[in-house]
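Just so you know, the sequences run in chain order A and B.
Just so we're aligned: 62 in my numbering is position 62 of the first sequence, and the numbers increase by one with no gaps anywhere.
Just so we're aligned: 137 in my numbering is position 137 of the second sequence, and the numbers increase by one with no gaps anywhere.
Careful, some of the hints might be misleading.
Cβ-Cβ distance ranges computed for the label pairs, FRET-style [stated by the list, open to error]:
id, chain 1, residue 1, chain 2, residue 2, range
1, A, 20, B, 63, 33 to 39 Å
2, A, 16, B, 169, 45 to 51 Å
3, B, 96, A, 44, 29 to 35 Å
4, B, 88, A, 80, 28 to 34 Å
5, B, 8, A, 16, 44 to 50 Å
6, B, 8, A, 12, 32 to 38 Å
7, A, 20, B, 119, 25 to 31 Å
8, B, 106, A, 13, 32 to 38 Å
9, B, 187, A, 16, 37 to 43 Å
10, A, 44, B, 176, 29 to 35 Å
Chain A is nowhere near these chain B residues, computed Cβ spacing over 12 Å in every case [as the list claims (entries may be wrong)]:
id, residue
11, 88
12, 146
13, 185
14, 197
Don't read these hints as lab results, they were simulated from the structure.
For clarity, every value in this text was computed on a predicted model and none was experimentally measured.
The beta-carbon is built from N, C-alpha and C at its ideal position, and this holds for glycine as well.
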Amino acid sequence: MADNPGFTVIDGGRAADVDEVEGTTRAQRAEASGRPVAIDRAERAAYLGVSAAERAKALASLEAPDFTLPDLDGRLHSLSEQRGKKVLLVAYASW
Amino acid sequence: MYEELRGLGFTVITVAVDKSADDARPWIETAKPTHPSLVDTAHVLADLYNLVNVPTILWIDERGRIVRPNDVAFGTDTFKQITGLSAASHLAALRAWVRGEAPALPEARIRALQSLPTDDDQRARAEFGLGEWLWNQGRTEAAARHFAKAGELAPHDFTIRRGTMPMRGIDPMGPQFREMLGSWVKAGNPYYRPLAE
Numbered sequence: 001m002a003d004n005p006g007f008t009v010i011d012g013g014r015a016a017d018v019d020e021v022e023g024t025t026r027a028q029r030a031e032a033s034g035r036p037v038a039i040d041r042a043e044r045a046a047y048l049g050v051s052a053a054e055r056a057k058a059l060a061s062l063e064a065p066d067f068t069l070p071d072l073d074g075r076l077h078s079l080s081e082q083r084g085k086k087v088l089l090v091a092y093a094s095w
Numbered sequence: 001m002y003e004e005l006r007g008l009g010f011t012v013i014t015v016a017v018d019k020s021a022d023d024a025r026p027w028i029e030t031a032k033p034t035h036p037s038l039v040d041t042a043h044v045l046a047d048l049y050n051l052v053n054v055p056t057i058l059w060i061d062e063r064g065r066i067v068r069p070n071d072v073a074f075g076t077d078t079f080k081q082i083t084g085l086s087a088a089s090h091l092a093a094l095r096a097w098v099r100g101e102a103p104a105l106p107e108a109r110i111r112a113l114q115s116l117p118t119d120d121d122q123r124a125r126a127e128f129g130l131g132e133w134l135w136n137q138g139r140t141e142a143a144a145r146h147f148a149k150a151g152e153l154a155p156h157d158f159t160i161r162r163g164t165m166p167m168r169g170i171d172p173m174g175p176q177f178r179e180m181l182g183s184w185v186k187a188g189n190p191y192y193r194p195l196a197e
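If we strip away everything but chain A, and leave its shape as in the complex, we get (with noise of 0.2 Å):
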């Protein structure tokens, strides 16, 4: 194994290449943050979450999250595009 091997750190759906000191500093300040974190030090990975009370805040306002997402062809659409609609949001799944 190499001398430094490196350390992923998955933040915000996004994944950065770090050394293996800065992942799990990141990590452990996101912990003790609040966030929820899910790390595998013998995959070398961790995942950054988002804190219960971050979402539970963001819900109770009633203001309706955004998010954008990709069709089939890849296109990205927004939620916010279709302010100004009604719009009826269906979660589904093939399984």
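With the hints as your guide, set chain B onto chain A.
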């Protein structure tokens, strides 16, 4: 229903909570929808809206406000015998709201009906997120460990427990799903949680 109401300042956005666009492709290509039909492999929507199962529907008004929180509704009666839920009552309520014949729920009622995420829900979503990243790297065994941990943290979250089955080589309609569902229901827990109104 969309074609009927689209002229009234209304749209539908569908979001497939699936491991890949190809899983959702046959559904979308069969329906040929003209409204946005999106794919959410990373559970972005689940994280933002505290989705724990599908189908889940929400109503959002012209100002971008949630006026009907997470609810269970089907577009057709295909699964009525299994779910006990008929499509008609939701469609009638939706029509009345879109046509302006009936208001949506009052804010206090919306808040009372909302289900907000707990720390364990968000820990489960972080475990899912790490698992999903590992799975996309081809590190499927490590991914499966994090999916399992996520399921233990949030046993009511079937976007995780059932939704990751195809990523773990498990048939999401097969015996392992039926066993999971059976013990969940036997313990007195509902699989679908439609709103009381």
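Hints versus structure:
no.: 1; hint: 20/A to 63/B: 33 to 39 Å; verdict: violated (47 Å)
no.: 2; hint: 16/A to 169/B: 45 to 51 Å; verdict: violated (30 Å)
no.: 3; hint: 96/B to 44/A: 29 to 35 Å; verdict: violated (54 Å)
no.: 4; hint: 88/B to 80/A: 28 to 34 Å; verdict: holds (31 Å)
no.: 5; hint: 8/B to 16/A: 44 to 50 Å; verdict: holds (45 Å)
no.: 6; hint: 8/B to 12/A: 32 to 38 Å; verdict: holds (37 Å)
no.: 7; hint: 20/A to 119/B: 25 to 31 Å; verdict: holds (27 Å)
no.: 8; hint: 106/B to 13/A: 32 to 38 Å; verdict: holds (35 Å)
no.: 9; hint: 187/B to 16/A: 37 to 43 Å; verdict: holds (41 Å)
no.: 10; hint: 44/A to 176/B: 29 to 35 Å; verdict: holds (30 Å)
no.: 11; hint: 88; verdict: holds (15 Å)
no.: 12; hint: 146; verdict: violated (6 Å)
no.: 13; hint: 185; verdict: holds (18 Å)
no.: 14; hint: 197; verdict: holds (17 Å)
Hints 1, 2, 3 and 12 from the earlier list are contradicted by this structure; the remaining hints agree with it.
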